[in-house]
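Knowing the structure of chain G, use the given hints to seat chain P on it.
2 protein chains.
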Amino acid sequence: MNIAVISIGNEVVKGRTVDSNSAEISSFLTSNGFNVAYHIACKDETDEICKSLKFLLDEVDVIITTGGLGPTMDDISIESISKCLRLPLEMNPHAVDILKTKYLSLKLELTEERLKMAKMPLGAEIIENKGGTAPGMFLKYDGKIIFSVPGVPREMRSMLPQILLNMGVSKKAYMSKEIRVNGIMESAIAPLIKEVFDVMNNGINIKSHPESFEFNNPVLIIEFYGYGDSQDDIENRINSTYKEFSQRVKNKFSLSI
Amino acid sequence: MNIAVISIGNEVVKGRTVDSNSAEISSFLTSNGFNVAYHIACKDETDEICKSLKFLLDEVDVIITTGGLGPTMDDISIESISKCLRLPLEMNPHAVDILKTKYLSLKLELTEERLKMAKMPLGAEIIENKGGTAPGMFLKYDGKIIFSVPGVPREMRSMLPQILLNMGVSKKAYMSKEIRVNGIMESAIAPLIKEVFDVMNNGINIKSHPESFEFNNPVLIIEFYGYGDSQDDIENRINSTYKEFSQRVKNKFSLSI
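Chains G and P, in that order, give the protein sequences.
Sequential numbering from 2 applies to the first sequence in the numbering used here.
Sequential numbering from 2 applies to the second sequence in the numbering used here.
Heads up, a few of these hints could be off.
[To be verified] To spell it out: a stretch of chain G is covered by chain P in this simulated footprint if at least three of its residues, at any positions, have a beta carbon under 8 Å from a beta carbon of chain P; those stretches are:
1. 4-15
2. 45-57
3. 119-131
4. 139-150
5. 230-242
6. 250-256
Note that these hints are calculated values from the structure, not bench results.
Bear in mind that the values here come from a model prediction, so they are computed numbers and not experimental data.
The beta-carbon is built from N, C-alpha and C at its ideal position, and this holds for glycine as well.
Isolated chain G (complex conformation):
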């Protein structure tokens, strides 16, 4: 099961805001055994949202949008998804109830802008926002699932458990192990990574992340990661890969890691 995240907002594509949401959602889903294939960020424009959605509907099973769920005129994510999928946009009774409870308990009027946040595509199920106001939603479409959550990180975060609950069950065990290697250039360790990858041939990825200059006291983080049928399975494969790798580092560079 492949997943994608769409981060919607002019502030993201113009670089005002670093898109930490996509990373947080992906990290949460990856550590829960899912596979994230793409992130897209686009403007608050129906056309761009629709193009992103259509591209991803061809590629993945689950799409999570973040951003554009609030009360202002540029918050058009839900409306754009409805238009794009040709699903009627309707006042969702569950979402209206939630907003009524929130605003009326503070003796605040349910204005047009506030009620706008309850307009959802036909068939949407509501995700309550425990970190703020705008409700989230999810929707089954053509055998796939589309989730929409707010862009404010605290609000998005509060909806992650509901995303997990409604993903379906096709997940695996995931594990990642990282070690730090000092004093070896990435270009010097590259052939050794390939050797271990080929010799083990067990589905474990080995990635080097350079943390400093290649030429001046190089520091590399070596990451071993992969998915397994069980926690034991993935742990065994990662540990045997790591053992093979550290043995070869010792032999080639006289360095224990």
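Relative to the frame of chain G, chain P by itself:
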């Protein structure tokens, strides 16, 4: 002229790494008067890189890829771009010269892994890496430009001036002004933002970025931004929009901003 950034790396899509590169590249280009329309992050996989590239070639004029230019086996960005565009991958003499100078000056061998970083698509022009090793490149393709820069932020950053120099000249003056508004809910200020936007009708975007809870001492950053034919032009339009906005905030909420 529309621009997109592709951030290539498993570590990005699985959420290990927050994609600050796309934000930094976009912020740099936006403040220089360009218009960034999309970010995509994808895995180090030829198929995913190619799908991202093809989607964006239909949508924008300039694509900047970041990541996957190093010496390890999973650094396949340049090779994948070549395959995708059906351009022969060749040893680029300029890139070979650069690598020779760097490694041989340290009496280090030009191994296969090191020389791999000099393989470029036919027609590529080289961007020197002043922050590290792997050269970047740019390429004219079907009336568009594709830039490829490394994923290590320091190395990517060192190439931004070269990107700017080779973008062509179709840029505008950009300006953004932000103010902080305390004590007004986003849902309360929403109609006022729409009023000002409609009344001014001058191409200036007004965006509210909530910084805290809607219900509990709300804090909003209100951002005014847009592009102009000159710095004076955009400054005048932003200032008159801001003036109109602050007047209405004063009238409606008895609050000076």
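Going through the numbered hints above, which ones does this structure break? Give me the numbers in ascending order. Violated hints: 3, 4, 5 and 6; rest satisfied.
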